[in-house]
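Going down the list, the protein sequences come from chains A and B.
111 is the number that numbering that gives the first Met the number 0 gives to position 112 of the first sequence; each next residue is one higher, with no gaps.
410 is the number that numbering that gives the first Met the number 0 gives to position 411 of the second sequence; each next residue is one higher, with no gaps.
By construction, these hints were calculated from the structure, which means they are not laboratory data.
Mixed in with the good hints, there may be bad ones.
[Claimed, not checked] DSBU-like mimics (lysine-lysine), calculated; alpha carbons at most 35 Å apart, straight line:
hint, chain 1, residue 1, chain 2, residue 2
1, B, Lys340, B, Lys147
2, A, Lys151, B, Lys236
3, A, Lys151, B, Lys147
4, B, Lys317, B, Lys301
5, B, Lys521, B, Lys340
6, B, Lys317, B, Lys236
7, B, Lys138, A, Lys125
8, A, Lys151, B, Lys138
9, B, Lys521, B, Lys317
10, B, Lys521, B, Lys539
11, A, Lys125, B, Lys41
12, A, Lys125, B, Lys430
13, B, Lys236, B, Lys340
14, B, Lys430, B, Lys625
15, B, Lys138, B, Lys317
16, A, Lys125, A, Lys151
17, B, Lys317, B, Lys165
18, B, Lys165, B, Lys147
Bear in mind the structure is a predicted one, so any value in this text is a computation, not a measurement.
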Amino acid sequence: MWEAGWDFNMNTTVADTLHCPLCAFDFQKQDTACAHGCPLGRFCNLVRCPNCLFEFPGHTRTAGLLQRLFHRPRPARARRDSIPLSELPEGEASELVCLAGSHAARRNALAVFGLVPGSRLTLQQKRPAFVVRVGETELALEASIAGDIYVKRPRPRRQGRLFRFPAEFPQHASQMPADAPVTPQRQHVQDDPARGALRQSGFRLRGHGQLVSLGHATGGRSGNSLPGKSGRVAGENCRGRLPAEGAIVRRG
Amino acid sequence: MRCHDTGLLTADAPAKAAGRTLIFVGNPNVGKSVLFGRLTGKYVTVSNYPGTTVEVTRGEAVIDGRDYDVLDTPGVNELAARTGDAQVTCHVVRDHPDAVLVQVADAKNLRRALLLTMQLAELRRPLVLVLNMMDELDKCGGAIDVGKLGRILGVPVVPTVATAGKGVDVLQRSLDDARVPSIHTEAAADVHADDYDRNVARLGRANEILAQTYRITRPSRPTFAQRLGWWSTHPVKGLAILALVLYFTLWFVGLFGAGTCVDFLEHVVFGRYINPLAIRAVNVALPFPHRQDTQVSDFDLKLPLTPAGGITLYHDSKTVLAPTYSLDTPGATPGLWPRVKRLAHDFLVGPYGVITTALSYSLAIVLPIVTTFFLLFSLLEDSGYLPRLAIMVNRVFRWMGLNGKAVLPMILGLGCDTMATMTTRILETRKERVITTLLLALSVPCSAQLGVLLAMTAAVSVRAALFWFALNAGIMILIGWLAARVLPGQTSDFILELPPMRRPQLSNVVVKTVARLEWYLKEVVPLFVLGTAILFVLDKLNVLDRLARLGEPLVTGWLGLPRETATAFLVGFLRRDYGAVYLLDAATGPHAVLTPHQVLVAMVTITLFMPCIATLFIISRELGRKTAATITLFIFPFAFLVGGLVNHVGGWLGF
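Only chain A is shown next, with the shape it has when bound in the complex (with noise of 0.2 Å):
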């Protein structure tokens, strides 16, 4: 399931984004504004971490400097179990896991089509462009765009997985009914290896909430937090490294 041997591009994501040293959260660059008045002002090379508020020296040239000198690509954790649309086999059913392009407009001119996390879409054809089908709208693209367009193929019920998702309609990850089982998240995570892997990767919990599984869903506007907002997921985001693969929080 969880095998090594992915290596993954990683010249394309970190470019603005930042890695909390204390609580491995990924943020944007641009919501970490110094909030406590500070005479310094912007000419403070100290950046914040909005999830734990600790503050430590962002990217300067010299550190970069540095670390593309001795950057090593990371060893490859996983398998990716979600790939961009253009790698699924025409005539193939997918499910959606994220939408991961820069630019908020694409993604919100895709969403007004249906094209949304959770939602199941077929592939018809590759070439001269992408057509995919969304309920009743077939919907054409382009090569770029579908390379954006994260998605995993339906797999056979797994033991262990604690919600299937109604065949016509999934649902989203936050509109998960509220009585749903809930297994420990120690408990959980420690049963599945493939989770245990998610763990190592990155991902834990943050906040209250419980972690219910590590499903398919994506990270929110930044890629790391959940839409459930009660719950907090700290790891990578869909677009580069490993996707966040919907873990369910249960609000609590």
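Given the structure of chain A, go ahead and fit chain B onto it with the hints provided.
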């Protein structure tokens, strides 16, 4: 994005205080215009592709003795103005705060419709939800619990089949029950969420509603229409279908319309009956001493098979009166009265006469071409093929800084460039709109122009005709490529909804063709008459001669054409097909004055001209005067430049 259209809309916006206003809103291509037509009895162009309606149409309806103002708006997927046509809708909804909204939904695509419903619900306006195309939902095995949906949303829900008129009476009765939807989403109130987050939340809510009200069991076998849709976007079969469509278009418009029909109308109807009759009538009414010339009129009734040959069904020739004449006493100086009579005679039936030139050009040559084109075009539009064509050409359009979506206005441009320029509103960025408008004006001839130009290809070799076509296509791509690099701005993503393939409704095809022909007769024929009148005046004042002499270095020196053709380019400013008809006259027939090489040069030059003066007005309305002026200042010198290059370089190449 800037609001180009607000001025236009608010100018006639004040809503009537007495009557109520209905606004039709909904996703693109769900049948708003059909329903609008059903309620108001007013025909709005209806097709099977998103973006047919780009402007607001107003109509009136009397329902239960009450007057309603009804507005039909361009389709929107959400209430944010990203494209020009979406802006139009947003402004209309905003400018009529007391209007009842009638949301038309495609019953098959209820999920997307509910997304819009929730956005409309946030406006707190009375709403009626119409589930249109219930017949198609039945066909694909779906069912909607209408009552339950109505209870959840808190608004009347009316199932209809607009094309068959089913459910329209129910809609009329339920207009009074329109109320503000009771549905709301948490995300709408969240100020931190962006459009995407909110829409995701709305779609999540839509899923919940659908789970309770909507079932679908898709038939296991795809229908023939579906298969046809898939074939037409297939990389190989799609090209074959494209070639088939193109060949049929060429045959139907180029050979049957521009060949058989034009022959019949020009040589028989006008040449043998209308023109001689008019000449005789005018001679009787305004007698002055002269003798009318005669000419031999040949007529072949042919069933064309290929551009080269066909089956001749019938042939005859006859001697008829010609518009030219000679005076009985050439040297005499007649009095004022005969001179006035002669002037009037010339104005009506002379070589630049209204009847003999303007009417026979516009009705005998252009009308059959336009009719056959519009007929075929309406068929293609209603079948849903055009958006699939966009997939096939997306890559080529990428070179031109556009995406496949721009093929819709381009193809519409083959019908009428003026309308196509308005359709560029479906494109998302200004850059794309400017490029598409420029290319439309530069190298997409409208049906009338295409017909005349195709007729001119008869005067040159097949090789030269292909050269003309390739040159035009090459210029289009080259100028598009250059413009994409020069103009600032971005090209938008290619995301296009494909409507289902449908069997065209004969009644809609006929009504639409008639509506377009009416437009042609009302707008183009007067321009032809005006052009002829201007030419007539210039001819009588001897200005034509002087202008021709003025343009001599350009026309004779650079283009290598005879002096008389300057007239053609002069009227080409008005409408390029009108100029082309002049060239056609000079190029074909028994008294051809142009060599094949000259015909090619003239064709290339006139093809690159601005399509017509009306297009110029529309460009300045859509993109502003500055852009319109820039486009004009580029097009005319460029046309002459390329024409001259063809003259000099083409000579070496042996064309």
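Hints versus structure:
About 79 Å separates the Cα atoms of B/Lys340 and B/Lys147, which puts this hinted pair outside 35 Å; it is violated. With a C-alpha separation of about 30 Å, the suggested pair A/Lys151 and B/Lys236 falls inside the 35 Å cut-off, and the hint holds. Proposed proximity of A/Lys151 and B/Lys147 is supported: the alpha carbons are some 33 Å apart, at most 35 Å. Between B/Lys317 and B/Lys301 the alpha-carbon distance is near 17 Å, which keeps this suggested pair within the 35 Å criterion.
Between the alpha carbons of B/Lys521 and B/Lys340 the distance comes to roughly 29 Å, so the proposed pair stays at or under 35 Å and holds. Restraint check for B/Lys317 and B/Lys236: the C-alpha separation of about 49 Å exceeds 35 Å, so the hint is violated. Among the hinted pairs, B/Lys138 with A/Lys125 is consistent with the structure: their alpha-carbon atoms are about 27 Å apart, no more than 35 Å. Of the pairs offered as hints, the one joining A/Lys151 and B/Lys138 holds, with about 30 Å between alpha carbons and a cut-off of 35 Å not exceeded.
For the hint pairing B/Lys521 with B/Lys317, the CA-to-CA distance comes to about 33 Å; that is within 35 Å, so the pair holds. For a cut-off of 35 Å, the pair hint linking B/Lys521 to B/Lys539 stands: about 28 Å separates their Cα positions. The straight-line distance between the Cα atoms of A/Lys125 and B/Lys41 is roughly 42 Å, outside the 35 Å bound, and the hint therefore fails. In summary, the hint linking A/Lys125 to B/Lys430 is supported, as the alpha carbons are separated by about 28 Å, within the 35 Å threshold.
Restraint check for B/Lys236 and B/Lys340: not satisfied, since their Cα atoms lie roughly 64 Å apart, outside the 35 Å limit. A distance of roughly 15 Å separates the Cα atoms of B/Lys430 and B/Lys625; the hinted pair therefore holds under the 35 Å criterion. The straight-line distance between the Cα atoms of B/Lys138 and B/Lys317 is roughly 59 Å, outside the 35 Å bound, and the hint therefore fails. Straight-line distance between C-alpha atoms of A/Lys125 and A/Lys151 comes to about 17 Å, which keeps the hinted pair within the 35 Å bound.
Taking the CA atoms of B/Lys317 and B/Lys165, the gap is about 56 Å. The hint is violated against a cut of 35 Å. With a CA separation close to 21 Å, the supplied pair B/Lys165 and B/Lys147 stays within the 35 Å bound.
In summary, the numbered hints that this structure violates are 1, 6, 11, 13, 15, 17.
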